[in-house]
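The chain contents come next:
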Amino acid sequence: MTTLSLENADRRKAWGFVAPALVWTVAFFVVPFLFMAAMSLWSRQGREIVRAWNLDNYLRFFGENALLKGLTNSLEITLTVTVLSVLLAYPLAWIIAERVPKRFQRTALILAILPFWTSYVVRSYSWLLVLTKNGVINQALLGIGIISEPLEIASTRTATVIGFVHFFVMLLTLTIYANLVQLSPNYRRAAADLGANGLQTFWHVILPLTLPGIMTGAFLTFVLCIGDYITPQILGGNNELVLPQIIMLQIGRRADLPMASALSIVLMLAVTLAYALCARWLKIDRV
Amino acid sequence: MLRHRLSTLLAVIYAAALFGFIFLPVAVLVLFSFQDGRLPVPPFNGFSLQWYEAIFADRKLMAALLNSLIVATASSAVACLLGFMAAYGFARYRLPGSVLQRGLLIAPMTVSYLIIALGLLTVLNTLGIGLSLWTVGIGHVVINLPLCFAIIYSSMGDHHVNIERAARDLGASDWKVMLLVTAPMLMPSILASFFLSVTFSWDEFIIAFLLSRFNVTLPVEIWSLLRSGLNPKTNAIGSVVFLASIALLAILELTLFRKKNTP
Amino acid sequence: MTAAVSIRTVSRLFHQFTALNEVSLEIAAGEFIVLLGPSGCGKTTLLSILGGFLLPSSGQVLIADKDMTFVPPARRPTTTMFQDYALFPHMCLRDNVGFGLRMRGMARAERYEKALGFLDLVGLKASSAKKPHELSGGQRQRVALARALAVDPDVLLLDEPLGALDLKLRRQMQDELKAIQKRVGTTFVHVTHDQEEAMAIADRIVVMNAGRIEDVGAPAEIYMRPKSLFSAGFMGEVNFLDGKAMARDGDDVLVETPLGRLALPATAFTAGEARAGQKLSLVIRPEHFRGPAETAGSPGSLSLGEARITSSAFFGTHQRCHVAPVSSPSSSLVVHMPQTAQLADGVCVPLAVQAADIVALPAVTEA
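Protein chains in written order, with the working numbering: chain A, 1 to 287; chain B, 1 to 263; chain C, 1 to 367.
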């Protein structure tokens, strides 16, 4: 960036511009975060929060099966959702980018992500409507005669996965499409020119070139999915809780803020780990 | 030729199936908002506007809708203003440690909203500060500030500098330059980040849920509706939000973005 | 290998716009032919049709006497060198060059050997393990050439490959392209808008404008004996002098011009014989003007009267002057004066030109 001046008066001016945003971030993000980290090392006794430093909360997490299961549930569901969403979204993004005539592509894309504009809560609720015992799916299947008794889809892990995949397929279609479209068309022409058919062009050229974009989208999916409370709460039932649900339990029913804080730190660590893996992978395969 | 026909057929089938999957819940939502009956599930008994009447009569719901609008626009405005000023400062002046500071401003984008909410909750709790729409607004600025900053910062190009220099050369003070020259030049990205922030804030649930008490935003109020099970009323408010968003999007598309496309 | 290309009345329309208008051209096997013209003239469209990336609206394309009009790029004996090189960023150079061979099912060892051979041809064998982003523009261009040649095409199509290079590198690459083409013997079809580049490398130049071929021939022929006004103007700086064909004088034709009556030989009429009374445009290049000392008494020299110097600039090898002829003071000619001539604004100089250097073309009739 071109700079205008380094003089003291200008530097003070610069700080003046930048300070409000920095102060806000520090005051309302950094400090609360540090405070929460600190609180994770305290404990709740009765109605008070005892400010004695200890690792009790973390030890409980690794000790208590129910809590640990929350993390494994989160990871299992998130990984399933990520893989499924990528596999389903890529072909759709491909079809819109390659097969749809250019002047309809924008419309097709907007249609593909239109349900984004329902409220997130309402969208999950809509899936509840669709999957419930006397909802559309069950009644259709009963009507056709494929099943004789309504399926229990709602309030299960499957429903949660469906709800998540629905959201992330839309998100990934958008990101993968953007990725595909900015590839120079000459790559495809060169590959064809040198004798490659459609499948070969895709496998040897297009797929490797879009892989970084896919990884970024997958990472985004992972982060958003693992930290989500709404979809599992509405669609998942009460049996296999995920970590965000357990955290909310600690806040609400049990009013155990220290425990909630500790579990949040665990969640953050899981995300950081995923980020580290992704960054390392992207670095190895630098284009 | 045949191979191409076959692959086109497959493509059409796949696209249709996926579009069906994508639209299924929304179609069900909107259809059963007109349900003449108590349950928003098949069979569809007939068209009725009773649920739309119900939601417009529901004072709490309408209040929540208004609250959402206020919180969204106010917090987005603040986030835009802070983001713009910060982007201006970093782009036009060389500050020590700017990389770290910019990283700090972007950091909240990488953290789950639940954690941001929890952090603020623990602090407010300990300090004994009450929860309200103000606390929700603060939280929303936290999540939208990185976005506004990133978008506006990345659009401040070197070619803008000369225009600002010319303005200064002609006698404008710093504030005037910023107000009358820089801001208008960057209006597309300022508006983009504003509308994006409004969209995120409007629909945001977890921060609004944890950081409010009596006055709530729309997503939180809808959540309470869900406590009462499957209810066409929820369908109605959901459809209203959906269709209003689409309408707004269509208007924006036809006015703002169309103008950008024509050279 | 190599093959001849036959383009037969090829037209290409894009909705209302005619990009190519019944273009016909015969290219000999092993020829280095350059399609030259301004942007929008259709040269790139023609190249795309030759490569199979575009279908003609009408007409035929034959390669080695086989009709290839509807054959897709993968199965044509052509390869294209793209303007942005289109090297696969995620593959090393060896894999890039070997890509076409891999698509033909060649085994790995054989493929690597052949790819390295072609990298050696362009002088980049040592960098075979590098990725394209580690190379400079000129190096990437060489890899693109190696990749295109590796599959042994009959015809190599080059789409303004030297456009992104600076002058010195461009000159160097022009020489290298010419050398490589002579070595492998493949027919090269090269598209450019730079007439100097065309003259430097082409066996024959095809001058195109607005979807039509204006002129075809060897560089010297096109430069010295242009067959169309556009071609004359595009190949270099030129003066157009209005003229009118009057009568025959033996083998010569008498032409009336504002600078006097000139007797032009029949060879000056490159676009067909002149009719009496026909309006003509005489093409005189700035470097063809001669001073009195050179032309004194030499046969075939035509005097063009005197002209007043209105401005001059030193160009190293010559001085470029604008002059206003005394007999037609409102018009202006561009003349190249000798390097050491003493010139000053307002001075009158005599102009003369060899009759053999003038080309007479039909004037543009205002519609």
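Since the hints were made in silico from the structure, they are not lab data.
Treat each hint with caution, since some may be false.
No more than 25 Å apart at the CA atoms, straight line, and that leaves these computed lysine-lysine pairs for BS3-like [what the hints assert, rightly or not]:
{"id": "1", "chain 1": "C", "residue 1": "125", "chain 2": "C", "residue 2": "66"}
{"id": "2", "chain 1": "C", "residue 1": "227", "chain 2": "C", "residue 2": "279"}
{"id": "3", "chain 1": "A", "residue 1": "283", "chain 2": "C", "residue 2": "130"}
{"id": "4", "chain 1": "C", "residue 1": "279", "chain 2": "C", "residue 2": "244"}
{"id": "5", "chain 1": "C", "residue 1": "114", "chain 2": "C", "residue 2": "182"}
{"id": "6", "chain 1": "B", "residue 1": "233", "chain 2": "B", "residue 2": "60"}
{"id": "7", "chain 1": "A", "residue 1": "13", "chain 2": "B", "residue 2": "60"}
{"id": "8", "chain 1": "C", "residue 1": "178", "chain 2": "C", "residue 2": "114"}
{"id": "9", "chain 1": "C", "residue 1": "114", "chain 2": "C", "residue 2": "130"}
{"id": "10", "chain 1": "C", "residue 1": "182", "chain 2": "C", "residue 2": "125"}
{"id": "11", "chain 1": "C", "residue 1": "131", "chain 2": "A", "residue 2": "283"}
{"id": "12", "chain 1": "A", "residue 1": "133", "chain 2": "B", "residue 2": "233"}
Stretches of chain B that chain A covers, calculated by requiring three or more beta carbons in the stretch to come under 8 Å of a beta carbon on chain A [claimed, not checked]:
{"id": "13", "stretch": "29-41"}
{"id": "14", "stretch": "47-60"}
{"id": "15", "stretch": "67-76"}
{"id": "16", "stretch": "83-92"}
{"id": "17", "stretch": "113-119"}
{"id": "18", "stretch": "228-242"}
Each residue gets a CB set at the ideal place from its N, CA and C atoms; glycine is no exception.
Hint-by-hint comparison with the structure:
| no. | hint | result |
| --- | --- | --- |
| 1 | C/125 - C/66 | 36 Å, violated |
| 2 | C/227 - C/279 | 16 Å, holds |
| 3 | A/283 - C/130 | 16 Å, holds |
| 4 | C/279 - C/244 | 5 Å, holds |
| 5 | C/114 - C/182 | 20 Å, holds |
| 6 | B/233 - B/60 | 13 Å, holds |
| 7 | A/13 - B/60 | 46 Å, violated |
| 8 | C/178 - C/114 | 22 Å, holds |
| 9 | C/114 - C/130 | 17 Å, holds |
| 10 | C/182 - C/125 | 21 Å, holds |
| 11 | C/131 - A/283 | 15 Å, holds |
| 12 | A/133 - B/233 | 20 Å, holds |
| 13 | 29-41 | holds (count 5) |
| 14 | 47-60 | violated (count 0) |
| 15 | 67-76 | violated (count 0) |
| 16 | 83-92 | holds (count 8) |
| 17 | 113-119 | holds (count 6) |
| 18 | 228-242 | holds (count 7) |
Going through the hint list in order, the structure does not satisfy hints 1, 7, 14 and 15.
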